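Asks: Produce the entire structure from the sequences given, and follow the hints as far as they go.
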Amino acid sequence: MRKPKSKPSSSVPIRAIRGSLFLFSLLAPIAGAFPVNEKKAPESPGDIKAIQSALLAAIPKAQTATVCIDLGDGSGSGVIVSEDGLVMTAAHVSTGVGKDVTVIMADGTKLKAETRGLDSETDAALIQIIEKLPDGKPYPFVEINKLDDTKLGDWVFSLGHSGGFDKARGAVSRIGRLVRVANTTLQTDGALIGGDSGGPLFDMEGRLIGIHSRVGAVVGVNMHVPVKVFTDNWERMLKSEFIGEGQFAEKPEKGKGFLGLATKSAEGGIEVTKVGKKSPAAKAGIKEGDLLRTLNGEKLDSREKLQSILAELAAGDKLALEITRDGKDETVKLKLGKR
Amino acid sequence: MKRSNLSSASVSLAFAVALAVPAFAQQSLETNFRTTGDAVLAAFVPQRQVIQKSSAVIYDGRKEIAYGTVISADGYLLTKASVVEGVGKIDVRVDKESFKDAKVVMTDPRWDVALLKIEATDLTPVVFAPDSKLPRGTWVVVNGVTSRTNRRVMAGIISADAREIPAEGGAVLGVTLKETKKGLTVEEVSKDSGAEKAGMKKGDILITIAGKPLKEIAALGKLLAKMKSGTDVKVTLLRDGKQSELDVKLSARGDLFRVVSRNDMMSGDFSNRRSGFPRVIQHDVLGASITMGGPVLDLEGRAVGMNIARANRAETYAIPVEELRELAEGMVKQVAATATQ
Chain A
1 MRKPKSKPSS SVPIRAIRGS LFLFSLLAPI AGAFPVNEKK APESPGDIKA IQSALLAAIP
61 KAQTATVCID LGDGSGSGVI VSEDGLVMTA AHVSTGVGKD VTVIMADGTK LKAETRGLDS
121 ETDAALIQII EKLPDGKPYP FVEINKLDDT KLGDWVFSLG HSGGFDKARG AVSRIGRLVR
181 VANTTLQTDG ALIGGDSGGP LFDMEGRLIG IHSRVGAVVG VNMHVPVKVF TDNWERMLKS
241 EFIGEGQFAE KPEKGKGFLG LATKSAEGGI EVTKVGKKSP AAKAGIKEGD LLRTLNGEKL
301 DSREKLQSIL AELAAGDKLA LEITRDGKDE TVKLKLGKR
Chain B
1001 MKRSNLSSAS VSLAFAVALA VPAFAQQSLE TNFRTTGDAV LAAFVPQRQV IQKSSAVIYD
1061 GRKEIAYGTV ISADGYLLTK ASVVEGVGKI DVRVDKESFK DAKVVMTDPR WDVALLKIEA
1121 TDLTPVVFAP DSKLPRGTWV VVNGVTSRTN RRVMAGIISA DAREIPAEGG AVLGVTLKET
1181 KKGLTVEEVS KDSGAEKAGM KKGDILITIA GKPLKEIAAL GKLLAKMKSG TDVKVTLLRD
1241 GKQSELDVKL SARGDLFRVV SRNDMMSGDF SNRRSGFPRV IQHDVLGASI TMGGPVLDLE
1301 GRAVGMNIAR ANRAETYAIP VEELRELAEG MVKQVAATAT Q
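Line order of the protein sequences matches chains A and B.
Following the working numbering, the numbering of the first sequence begins with 1 at its first residue and continues without gaps.
Following the working numbering, the numbering of the second sequence begins with 1001 at its first residue and continues without gaps.
Treat the hints as calculated values from the structure; they're not laboratory data.
Mixed in with the good hints, there may be bad ones.
In the DSBU-like style, the derived pairs of lysine-lysine whose C-alpha atoms are separated by at most 35 angstroms in a straight line are [unchecked claim]:
hint, chain 1, residue 1, chain 2, residue 2
1, A, LYS49, B, LYS1096
2, B, LYS1053, A, LYS39
3, B, LYS1191, B, LYS1222
4, B, LYS1249, A, LYS167
5, B, LYS1100, B, LYS1333
6, B, LYS1133, A, LYS39
7, B, LYS1226, A, LYS49
8, A, LYS167, B, LYS1226
9, B, LYS1222, A, LYS132
10, B, LYS1222, A, LYS167
11, A, LYS132, A, LYS318
12, A, LYS40, B, LYS1053
13, A, LYS40, B, LYS1133
14, A, LYS110, A, LYS338
Stretch by stretch, here's where chain B covers chain A in the computed footprint (C-beta under 8 angstroms, at least three residues) [what the hints assert, rightly or not]:
hint, segment
15, 46-53
16, 212-225
Calculated from the model, a selection of chain A residues having no Cβ within reach of chain B, i.e. all distances over 10 angstroms [as the list claims (entries may be wrong)]:
hint, residue
17, PHE34
18, ASP84
19, PRO140
20, GLU253
21, ALA262
22, LYS277
As the structure is a prediction and not an experimental result, all values here were calculated from the model.
Just so you know, even glycine gets a beta-carbon here, dropped at the ideal spot from N, CA and C.
Replies: Encoded structure:
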């Protein structure tokens, strides 16, 4: 095979253009950086052992924070990054904002969780675990490498629930090197498979550097979303924003949300005349004859008002309805379905 | 290049992604320095020397079909049984030497292991590690590609907890049955199944299985659910009015009737038999399926296991050294006992 003529590239920084500050930081490596990464290849049995020691030290903690995201009709992976249960995953795993999913911990404990924001163009997403651990302890989590100092050739390891959750097996670990680096994609040669999506990629100190996204046809081609994509969009994702119009998640269209009831004008609101079978309204317990007074705080003084509010909402959006049934006031919460 | 999303839940997105892959700048690590590259593997010299001497290459004619683990100086080796089964003439290469007409002395279907014998006197057997209790992240070294004279290595790490791999889809005889007035009648015998190998034929009527009389398919299913693939079961059947008894080796349903999953589609060349093992250790060295049967070494160059199945794109199984050692010693002892009878 012909070798590229270009200079060996293991010391090339992540981005093509970098300020001198970054170059300086390369010259003065941060304390604790993994020394074998400074070599193009391990040069001795000692280097090989150093890689092993780093893995043995880092994997146990990384493993307890690596979770399976059960979607019902399939599964992906994710990693907890805060003691209050915030999970980083891929957008094509979370698939939307405000969705209910189940997070499965390493020991098999299943916890309720809800998807937060996502970036549909880069395949980044956040999920919040909303159910406490049975022992009430903080969630196990890993540190994010916010220094963004990973570079081509760095040794890394992947974890993930390959092919789905398997308690007897546990999360599968794989070693690799960073073989390609671009703004919104890292490529490694540690093989991933279905079910790994959304799982974590770590540096040799056990800090999170990426989230598994997609693979090529050959075993050695595996893509990850760099953590920088997450940190750049962090606040927006925390606020449950659906970012971008990429193909990793389908943006719910406004006005396409489905409530599933028919109404007529009435005194003090609108009255339910029919509830669709298995509709979101039916699931939330809304019944024929209920008087709907307000929707998300807005007064429902006509059927047109309901329609105009719904026109601005999409599938997955949350509704709070104040209703009156048999003279009693109630609040009903539900999520719009897909039409 | 085709790229696909990994979540089985988003199949529809799988191939759309091909268009979205960003154009990479020239920041690509040369092949030589990748995990499977020569420059990296050059650091595994001591282990390569063991692989050179103790990992055999098994041929069907000129075609490599498996690797083998040398377990004695006088020519015994272990390999993956289902790969050498039915091969007319097995040739073996150990180190630089070639050995013709290896004999399959014995097989253990539960573990899918065959004991081979070649005419040799001074082979270097593997040294067994004391145990296979290796945490995730421990290096393992196996036989990678090979030439006539040189074995090369591939390295990876222990990936998962040791465990049983149940037979995919449970244990089956490998026949399609019909409930008739006469009893359970064989409609079809599956290719490569234990039933076919035992000589079962269309029209045979099953009378008993494992000594139990059977008249319903459901009852057979219940009985087989308690059994393991790779084990033998006694079948009495009626053919042309005559009763006969056969030993039928149970197969894993998933190995006989492969339902190709999306993960299989992205897995390339995986082992045909990849389930129904009493216990395995797992690593991430993803050689071709023909690289099964060779030893799995630790950094000390000791065998911690023997590769038994490339399960998929991301997982390879090996028989742990505890059981491997037992198999090796047990089989050789049994052969010796038979020889002196």
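Asks: Each hint should be assessed against the structure and marked as holding or not.
Replies: Hints, one by one, checked against the model:
A distance of roughly 30 angstroms separates the Cα atoms of A/LYS49 and B/LYS1096; the hinted pair therefore holds under the 35 angstroms criterion. About 30 angstroms separates the Cα atoms of B/LYS1053 and A/LYS39, which keeps this hinted pair within 35 angstroms; it holds. Distance hint between B/LYS1191 and B/LYS1222 is fulfilled; the C-alpha atoms sit about 23 angstroms from each other, no more than 35 angstroms. Proximity of B/LYS1249 to A/LYS167 is assessed by CA-CA distance (about 30 angstroms); at most 35 angstroms being required, the pair is judged to hold.
At roughly 24 angstroms between alpha-carbon atoms, B/LYS1100 and B/LYS1333 fall within 35 angstroms of each other, so this suggested pair holds. A threshold of 35 angstroms between alpha carbons decides the hint, and for B/LYS1133 with A/LYS39 the separation of about 31 angstroms falls inside it, so the pair holds. For the hint linking B/LYS1226 to A/LYS49, the alpha-carbon distance of about 44 angstroms lies beyond 35 angstroms, and the restraint is violated. Distance hint between A/LYS167 and B/LYS1226 is fulfilled; the C-alpha atoms sit about 22 angstroms from each other, no more than 35 angstroms.
Simply put, B/LYS1222 and A/LYS132 have alpha-carbon atoms about 40 angstroms apart, too far for the 35 angstroms limit, and the pair is violated. This hinted pair checks out: B/LYS1222 and A/LYS167 have alpha carbons roughly 26 angstroms apart, not beyond 35 angstroms. Distance hint between A/LYS132 and A/LYS318 is fulfilled; the C-alpha atoms sit about 23 angstroms from each other, no more than 35 angstroms. Between the alpha carbons of A/LYS40 and B/LYS1053 the distance comes to roughly 29 angstroms, so the proposed pair stays at or under 35 angstroms and holds.
Between the alpha carbons of A/LYS40 and B/LYS1133 the distance comes to roughly 31 angstroms, so the proposed pair stays at or under 35 angstroms and holds. The suggested pairing of A/LYS110 with A/LYS338 holds, with an alpha-carbon distance near 26 angstroms, which does not exceed 35 angstroms. Using a Cβ-Cβ cut-off of 8 angstroms, 5 residues of the segment 46-53 of chain A lie near chain B, which meets the minimum of three, so the contact claim holds. Here's how the segment 212-225 of chain A fares: 11 of its residues keep a CB closer than 8 angstroms to some CB of chain B, so the rule of at least three is met and the hint holds.
At the 10 angstroms boundary, the C-beta of A/PHE34 stays outside the reach of chain B, the nearest C-beta of that chain being 14 angstroms off. Distance to chain B confirms A/ASP84 as a non-interface residue, since its nearest Cβ pair spans about 25 angstroms, more than 10 angstroms. Here A/PRO140 stays apart from chain B, with its beta-carbon at least about 16 angstroms from theirs, past the 10 angstroms limit. Non-interface call for A/GLU253 relative to chain B: holds, since the shortest CB-CB distance, roughly 17 angstroms, exceeds 10 angstroms.
Interface exclusion of A/ALA262 from chain B stands, the closest Cβ pair being 33 angstroms apart, more than 10 angstroms. With a least CB separation of 26 angstroms from chain B, A/LYS277 remains clear of the 10 angstroms interface cut-off, as annotated.
Consistency with the previously given hints fails for numbers 7, 9, ordered from lowest to highest.
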